[in-house]
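Undergrad: Chains A and B, in that order, give the protein sequences. Start counting the first sequence at 0; every next residue gets the next number (numbering that gives the first Met the number 0). Start counting the second sequence at 0; every next residue gets the next number (numbering that gives the first Met the number 0).
Mixed in with the good hints, there may be bad ones.
[Claimed, not checked] With the Cβ distance kept under 8 Å, some of the chain B side facing chain A (calculated, not the full set): (1) 42; (2) 61; (3) 62; (4) 88; (5) 92; (6) 436; (7) 438.
[Stated by the list, open to error] Just some of the chain A residues that point at chain B, by a computed CB distance under 7 Å: (8) 33; (9) 45; (10) 59; (11) 85; (12) 88; (13) 92; (14) 96; (15) 117; (16) 120; (17) 129; (18) 155; (19) 156; (20) 187.
[Stated by the list, open to error] Non-contacting residues of chain A with respect to chain B, defined by C-beta distances greater than 10 Å in every case (computed): (21) 13; (22) 37; (23) 71; (24) 84; (25) 95; (26) 116; (27) 158.
Just so you know, these hints were derived from the structure itself, not from any lab. Just so it is clear, CB atoms sit at the ideal spot from N, CA and C, and this is done for glycine as well.
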Amino acid sequence: MNTDTITDISTDEEDFDWIREFKQGSEQAFNRLVLKHKNRVYNLCFSMLGASDDANDLAQETFVKMYKGLHTFRMEAKLTTWLYRVAVNLCKNRVTSAHFRRKKQSISLESAEEFIPQNKSDDPESNEIRRRQRIAIQECVDALPADQKEVVLLKDMDGLPYEDITGIIKQTLGTVKSRLFRAREKLRHCLEGRV
Amino acid sequence: MNCTDIRKQLYDYADGLMDTQDAAAVEAHLSSCAGCAEALENIRHYLGSMQDMEKAAAPAGFLQDVRARIERKSWASRLGETFLSLLSRPSFLKLAGAGATLTLVVAIYISVHQPLEYMLPEKSVSEDSKTIIREEQAASPVSSPEEKAEKTSGDEIAAEAPPAPPPPGEPVLEMKQKSGGNSEKERTKITSRQTRLRASAPVRTDKPERPPAENPSAAKADEVLSGFSDRSGAGSSVLSREEPAPEAQTDDLLESEAPQSAPASTPSPAQEKQKLFAKRSARKTMPEGEPRPSERPGRHIVPDETLPESRQDNKASKSESDKPPADAHKLSEQEVSSWLDNPSAVYILDESGSQTDALPLNPPRGSEREVLESGHVQPEWTTLVFTSSLIPSSKKEEKARSPSSDREMETESQAAPAEKEIDGLGQVRSSDIDAISSFIKSKGGTVDKEVRSGGHVTLTIHLPREKYPDLLKYLRENQGMILKNPESAPSGKGLLNLNLQFPAQ
Numbered sequence: 000m001n002t003d004t005i006t007d008i009s010t011d012e013e014d015f016d017w018i019r020e021f022k023q024g025s026e027q028a029f030n031r032l033v034l035k036h037k038n039r040v041y042n043l044c045f046s047m048l049g050a051s052d053d054a055n056d057l058a059q060e061t062f063v064k065m066y067k068g069l070h071t072f073r074m075e076a077k078l079t080t081w082l083y084r085v086a087v088n089l090c091k092n093r094v095t096s097a098h099f100r101r102k103k104q105s106i107s108l109e110s111a112e113e114f115i116p117q118n119k120s121d122d123p124e125s126n127e128i129r130r131r132q133r134i135a136i137q138e139c140v141d142a143l144p145a146d147q148k149e150v151v152l153l154k155d156m157d158g159l160p161y162e163d164i165t166g167i168i169k170q171t172l173g174t175v176k177s178r179l180f181r182a183r184e185k186l187r188h189c190l191e192g193r194v
Numbered sequence: 000m001n002c003t004d005i006r007k008q009l010y011d012y013a014d015g016l017m018d019t020q021d022a023a024a025v026e027a028h029l030s031s032c033a034g035c036a037e038a039l040e041n042i043r044h045y046l047g048s049m050q051d052m053e054k055a056a057a058p059a060g061f062l063q064d065v066r067a068r069i070e071r072k073s074w075a076s077r078l079g080e081t082f083l084s085l086l087s088r089p090s091f092l093k094l095a096g097a098g099a100t101l102t103l104v105v106a107i108y109i110s111v112h113q114p115l116e117y118m119l120p121e122k123s124v125s126e127d128s129k130t131i132i133r134e135e136q137a138a139s140p141v142s143s144p145e146e147k148a149e150k151t152s153g154d155e156i157a158a159e160a161p162p163a164p165p166p167p168g169e170p171v172l173e174m175k176q177k178s179g180g181n182s183e184k185e186r187t188k189i190t191s192r193q194t195r196l197r198a199s200a201p202v203r204t205d206k207p208e209r210p211p212a213e214n215p216s217a218a219k220a221d222e223v224l225s226g227f228s229d230r231s232g233a234g235s236s237v238l239s240r241e242e243p244a245p246e247a248q249t250d251d252l253l254e255s256e257a258p259q260s261a262p263a264s265t266p267s268p269a270q271e272k273q274k275l276f277a278k279r280s281a282r283k284t285m286p287e288g289e290p291r292p293s294e295r296p297g298r299h300i301v302p303d304e305t306l307p308e309s310r311q312d313n314k315a316s317k318s319e320s321d322k323p324p325a326d327a328h329k330l331s332e333q334e335v336s337s338w339l340d341n342p343s344a345v346y347i348l349d350e351s352g353s354q355t356d357a358l359p360l361n362p363p364r365g366s367e368r369e370v371l372e373s374g375h376v377q378p379e380w381t382t383l384v385f386t387s388s389l390i391p392s393s394k395k396e397e398k399a400r401s402p403s404s405d406r407e408m409e410t411e412s413q414a415a416p417a418e419k420e421i422d423g424l425g426q427v428r429s430s431d432i433d434a435i436s437s438f439i440k441s442k443g444g445t446v447d448k449e450v451r452s453g454g455h456v457t458l459t460i461h462l463p464r465e466k467y468p469d470l471l472k473y474l475r476e477n478q479g480m481i482l483k484n485p486e487s488a489p490s491g492k493g494l495l496n497l498n499l500q501f502p503a504q
């Protein structure tokens with residue numbers, strides 16, 4: 000499991016400390032929060048949208064909303080849950096917009112391939128294999144309905160526990176599991192022989 | 000467990016979310032089933048691929064971009080961004096084009112017909128305005144008297160034709176026409192206004208004698224113009240307080256001139272009121288089998304703005320001719336529900352046009368004050384019919400009912416025609432009805448109570464106009480809600496049935 004998917008108590012406490020500092024007027028604390036979570040939020044947006052410019056736009060918008068909302072954040076839930084919920088909702092709205100649908104039809108997948116990997120190795124061959132795998136997965140994920148897409152990305156890509164997912168998408172555990180099962184089956188068949 | 004059951008649990012097993020007992024059962028099956036074992040391997044491979052998937056990193060300068068975005072999030076920049084992003088979308092351009100066209104049409108329409116037509120419900124306004132604009136456009140290029148005769152009809156002919164002698168209300172308009180210049184456009188405008196003003200005179204002796212339109216378009220023009228005449232009449236009473244526009248001035252002129260042009264036989268408002276109450280009294284004795292007004296095929300519902308003052312005066316002649324009101328049109332269910340969603344005064348008119356009281360369906364936006372100020376409540380006395388929705392009472396409530404209230408119910412049930420209705424009445428707190436009655440009487444009104452079939456009790460309330468807001472306020476605060484439900488409310492007494500829903504005990 001990827002290390003950046005682990006959300007332990009210490010990271011949550013770190014978030015809360017920075018939020019407290021931000022509430023006391025420290026802009027630097029906000030910057031630290033952005034730097035800490037930007038890749039996860041951006042990756043989620045990129046996976047949901049399959050387009051780097053839209054992902055960048057919505058990831059930035061997520062943090063702008065965080066900036067405005069942190070003063071009322073009561074720290075009863077994880078910051079990541081709150082951030083993911085904002086990002087997922089923004090992405091869902093964007094995906095359903097007619098403008099985005101037209102854009103997706105006109106843009107080839109090649110442009111979606113041009114993403115910057117978080118962990119790039121020194122081996123070019125390995126990098127190429129991983130890039131192709133990512134493209135294959137992205138193609139299959141793009142074919143999923145939005146409600147299944149968000150669940151499978153949160154669970155299988157980000158490794159979030161069910162508890163967090165239900166909080167992010169505001170659905171019951173049964174609904175989450177049901178969507179996840181259907182999404183996984185579709186993805187598994189789509190990826191068979193490709194990864 | 001068979002393979003189907005096992006495969007449903009393989010994801011949980013691979014995720015490590017099963018308890019030891021279930022996991023042992025799955026493992027036992029996997030050891031003996033190669034197919035399921037292979038499926039598990041596929042699932043594990045898939046999960047591994049997803050978890051090891053290359054993650055996309057945010058572009059360089061992400062934080063700076065976020066900070067910059069926060070900085071420029073002033074309202075002006077947000078507005079600009081939205082506008083620019085919309086401009087890049089073809090759908091917005093189409094929408095903007097449609098909006099510009101609509102604005103242009105509305106601007107032309109308002110410039111030609113200044114007053115209140117655009118305050119009407121959407122459909123009637125748009126249709127009427129289009130028709131009027133077409134009529135105006137058709138009339139404008141007319142130059143010779145022969146062409147005028149061909150292209151105009153109805154009142155327009157009367158307004159345009161030189162030989163027609165000016166009626167008593169016209170001198171002011173004649174002066175306007177003379178001083179207004181000779182351009183074709185201005186002449187058209189004056190002609191249009193003249194036509195509408197002439198038609199808007201509350202009672203015209205020559206109106207029934209108007210020759211019938213010879214072709215469909217002329218008939219439509221007649222219909223529209225007669226509709227305008229009624230609306231102009233309404234505007235003189237309703238909007239003169241709200242919009243002191245030039246049109247209101249001319250309306251005032253017409254109002255002052257109206258008595259001169261009205262026939263001597265026109266009944267006074269007091270006589271009209273007496274006649275209405277007499278008709279209502281006659282309806283009380285209507286046989287059960289006779290269809291109720293709302294069930295009759297010719298029922299019309301007219302919005303408040305379209306109910307003219309002149310209708311009060313024209314009522315006698317219209318009922319004589321037994322024609323539907325000129326400004327009424329049959330509404331689709333959608334239109335009705337659209338109005339009901341935006342409560343305002345609504346008039347339900349019979350085919351005979353005899354039911355023309357103005358009753359607010361609901362105070363606009365919950366403000367009783369507006370009902371009065373907008374002139375919705377006319378005449379001085381208002382007749383309301385409240386039909387209560389009976390709330391089924393539970394056995395517990397039946398037991399809790401006191402013997403005294405039972406006695407009250409028995410007293411009331413003497414007026415009920417059937418045993419079944421006694422039970423129905425018993426489910427409404429008789430104290431509520433008594434309280435309403437007392438309130439009405441305290442405000443100088445009267446209440447007639449009638450128990451109807453189907454377990455409804457109908458209160459016919461005669462109340463001074465100025466007390467009406469008090470009643471609404473009282474009902475809201477003490478009795479419950481006034482619902483707009485003309486479908487279920489049985490009509491038979493009044494013009495408009497309001498469901499008065501009593502709160503559960």
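Undergrad: Now tell me, hint by hint, if it's right for this structure.
TA: We went through each hint and held it up to the structure:
{"no.": "1", "hint": "42", "in the structure": "7 Å, holds"}
{"no.": "2", "hint": "61", "in the structure": "5 Å, holds"}
{"no.": "3", "hint": "62", "in the structure": "5 Å, holds"}
{"no.": "4", "hint": "88", "in the structure": "5 Å, holds"}
{"no.": "5", "hint": "92", "in the structure": "12 Å, violated"}
{"no.": "6", "hint": "436", "in the structure": "51 Å, violated"}
{"no.": "7", "hint": "438", "in the structure": "47 Å, violated"}
{"no.": "8", "hint": "33", "in the structure": "5 Å, holds"}
{"no.": "9", "hint": "45", "in the structure": "4 Å, holds"}
{"no.": "10", "hint": "59", "in the structure": "5 Å, holds"}
{"no.": "11", "hint": "85", "in the structure": "13 Å, violated"}
{"no.": "12", "hint": "88", "in the structure": "18 Å, violated"}
{"no.": "13", "hint": "92", "in the structure": "14 Å, violated"}
{"no.": "14", "hint": "96", "in the structure": "9 Å, violated"}
{"no.": "15", "hint": "117", "in the structure": "4 Å, holds"}
{"no.": "16", "hint": "120", "in the structure": "10 Å, violated"}
{"no.": "17", "hint": "129", "in the structure": "5 Å, holds"}
{"no.": "18", "hint": "155", "in the structure": "4 Å, holds"}
{"no.": "19", "hint": "156", "in the structure": "5 Å, holds"}
{"no.": "20", "hint": "187", "in the structure": "5 Å, holds"}
{"no.": "21", "hint": "13", "in the structure": "17 Å, holds"}
{"no.": "22", "hint": "37", "in the structure": "4 Å, violated"}
{"no.": "23", "hint": "71", "in the structure": "16 Å, holds"}
{"no.": "24", "hint": "84", "in the structure": "18 Å, holds"}
{"no.": "25", "hint": "95", "in the structure": "14 Å, holds"}
{"no.": "26", "hint": "116", "in the structure": "5 Å, violated"}
{"no.": "27", "hint": "158", "in the structure": "6 Å, violated"}
Consistency with the previously given hints fails for numbers 5, 6, 7, 11, 12, 13, 14, 16, 22, 26, 27, ordered from lowest to highest.
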